[in-house]
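Chains A and B, in that order, give the protein sequences.
For what it's worth, numbering that gives the first Met the number 0 labels the leading residue of the first sequence as 0, then goes sequentially.
For what it's worth, numbering that gives the first Met the number 0 labels the leading residue of the second sequence as 0, then goes sequentially.
Bear in mind the hints are in silico, worked out from the structure with no lab data behind them.
Keep in mind that a hint or two might mislead.
Covered by chain A, according to a simulated footprint, are these stretches of chain B (three or more residues, beta-carbon under 8 Å) [said to hold, decoys possible]:
(1) 100-112
(2) 122-128
(3) 131-140
Rough simulated footprint, nothing fancy, chain B against chain A, three-plus residues with beta-carbon under 8 Å [as the list claims (entries may be wrong)]:
(4) 101-110
(5) 331-345
Think of the CB as a built atom: it goes at the ideal place given N, C-alpha and C, for glycine as much as any other residue.
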Amino acid sequence: MADTAQTVTDERLKQEGFGARLMKRPELGAIAGVILVTTFFLITADSTMFTLSGIMNFMTPAAQLGILAIGAAMLMIGGEFDLSIGSMVAFAGLIFGACVVTLGLPLILAIPLTLAVAAGLGAVNGVIVLKTGLPSFIVTLAFLFILRGASLVGLKLASGGSTQLRGVRDAVEGDWLAPMFSGDAFGPIFAWLAQIGLIDTFKNGTPKVPGIPVEILWFIALALVATYVLLRTPQGNWIFASGGDRNAASNSGVPVRKVKISLFMVTALCGALVAIITVMDAGSTDARRGFMKEFEAIIAAVIGGCLLTGGYGSAIGAFFGAIIFGMVTIGLTYTDFDQDWFQIFLGGMLLIAVLFNNYIRKRVTGER
Amino acid sequence: MTQQMTEDTSFHHGSPQDAAKPIIEMQNIEKHFGNIIALAGVSFDVKPGECHCLLGDNGAGKSTFIKTMSGVHKPTKGAITIDGQPMNFDSPRDAMEAGIATVFQDLAMIPLMSVTRNFFMGREPLKGSKPFRRMDIEMMNQTTVEEMRKMGINLRGPDQAVGTLSGGERQTVAIARAVYFGARVLILDEPTSALGVRQTSNVLATIDRVRKQGVGVVFISHNVRHALAVGDRFTVLNRGKTLGTAQRGQITPEELQDLMAGGQEMAQLEGSLGGTV
């Protein structure tokens with residue numbers, strides 16, 4: 000009876016242009032941000048910033064943060080927060096350090112053990128949040144302090160009174176797994192590129208950039224895997240659904256609890272991975288490791304288009320969010336500006352990103 | 000449409016469907032919550048291809064009853080049979096597997112997600128082999144657009160967010176989803192209560208379409224006009240009991256209205272309200 004009534008709605012729709020379609024991608028803001036920041040530094044910074052070694056210089060901290068940001072972004076899309084991720088880096092660093100130095104375990108045991116402890120703690124976070132129905136914000140805030148404190152106490156026990164545990168580098172020396180988590184990858188390729196004159200070399204002929212730091216490869220790989228999971232697997236659909244509306248999702252048969260607990264575990268695992276990489280890189284672990292990283296990771300995720308309310312965002316966005324972060328932190332040293340502008344810049348970016356995301360959300364949902 | 004209401008015209012009451020066996024039959028269902036008797040003996044059945052309206056005022060027990068039917072509550076007393084076989088639902092999933100689908104008022108839709116992702120939420124089709132098993136996005140998009148077209152809605156694209164659809168369209172997505180996933184009985188909880196006139200008529204048209212595919216529809220409403228527009232049979236609930244079932248054409252809107260209100264004050268109110276309810 001109303002066949003005609005239902006099909007005529009089309010006449011009121013304008014054809015959507017390419018621009019409008021692009022506007023609907025959650026990562027648009029982050030990509031625009033990367034372009035903006037790059038332009039800014041191209042104008043103001045020393046030209047060495049965008050040489051190969053300059054790029055590696057800012058990509059390394061970007062990657063370390065980015066690994067956390069991708070975890071945080073997935074958890075945020077799933078509708079939860081984890082404020083304990085920075086403390087998790089310190090705690091996992093302690094576990095890892097204790098495993099290799101104090102217990103003298105090989106990496107093949109130490110790494111899975113560290114990851115397992117982190118995943119277990121992530122699951123504890125998740126179970127408490129889901130069992131009690133309390134906001135994850137407050138539960139993980141408690142773990143922010145608990146884990147930071149535990150790192151301090153544990154470090155003193157493991158090192159005999161100091162808050163730093165040294166000797167990691169010697170302990171992992173020669174371990175066959177070490178190249179996966181520390182140093183630079185593709186060394187021979189870079190040496191060859193230097194030989195044929197494609198990349199800059201020092202006077203003695205060794206390349207200025209000996210390879211790609213492994214964390215950058217982990218970072219890129221994780222961003223790709225996370226994006227694939229979010230966009231192409233049922234689990235990805237469940238993550239969006241759990242964050243979008245918990246009740247609607249579980250009424251449709253989505254295992255919301257499992258999804259959320261897994262996300263807490265993934266986030267904790269990301270923290271542990273960063274811990275392993277940075278501890279092996281530095282050769283020691285200390286209680287301040289990962290300090291404030293929880294906020295930076297959330298900021299990178301928000302710049303990447305994640306909504307604080309959940310159900311919307313992207314891993315690629317968080318990827319670019321972290322790159323913006325790295326560029327600003329390191330980039331300012333290439334300019335004449337005082338480095339302390341960094342925080343002002345960051346707060347400004349965050350504010351713009353939130354306003355922008357809010358606007359995008361209204362466009363997507365057609366809210367007015 | 001008002002003309003059609005009381006006359007038996009295009010709708011198939013009185014057709015062979017009458018002889019058809021009910022898909023689901025609920026006999027003398029009682030449900031007690033502690034010392035509160037929410038349902039005190041309700042009998043109800045749904046046949047394939049009919050729209051059976053369940054009417055009742057607020058607090059009559061409609062919600063409790065459909066929750067019993069969809070496996071959310073277990074009845075305290077009474078029998079549920081499906082295709083003549085006694086059934087015992089332990090969870091909504093059991094009911095779903097038996098082909099009883101419920102579209103609740105919140106629709107179980109997520110506004111920020113695309114129509115496709117909502118359509119297949121929790122039941123994503125897969126392709127590829129184990130390590131690279133992934134959602135079959137192409138098939139999902141095609142199916143969604145096609146199923147929605149069947150229901151008379153032309154989507155801008157399968158990636159259109161559900162939030163951009165109107166209330167009636169969302170209702171239709173929820174119905175199309177249930178039907179696509181093999182619902183034999185479709186329970187609609189007040190599908191028209193929050194809709195405007197135009198949207199209501201769209202949803203009623205959707206109900207008619209679904210019924211023609213042989214699905215049994217349970218239409219819960221407290222709006223007599225909406226019920227009479229599509230219903231084949233009408234059962235009125237009052238204070239946890241059924242006040243009887245009437246066939247299309249055997250009952251007037253006024254009689255239905257009186258039954259819903261318990262048969263008393265309505266007659267007096269009617270005059271002063273001028274038939275506006």
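Cross-check of the supplied hints:
With a threshold of 8 Å between beta carbons, the proposed coverage of the segment 100-112 of chain B by chain A holds, since 9 of its residues qualify and at least three are required. Counting residues of the segment 122-128 of chain B whose CB lies closer than 8 Å to any CB of chain A gives 3, which reaches the minimum of 3, so the coverage claim holds. For a cut-off of 8 Å, the count of residues in the segment 131-140 of chain B with a CB near a CB of chain A stands at 4, and the three-residue condition holds. Counting residues of the segment 101-110 of chain A whose beta carbon lies closer than 8 Å to any beta carbon of chain B gives 0, which falls short of the minimum of three for the stated coverage.
A count of 0 residues in the segment 331-345 of chain A with a Cβ less than 8 Å from any Cβ of chain B is obtained; the coverage claim is therefore unmet, three being the minimum.
The structure fails hints 4, 5 (numbered hints given earlier, in ascending order).
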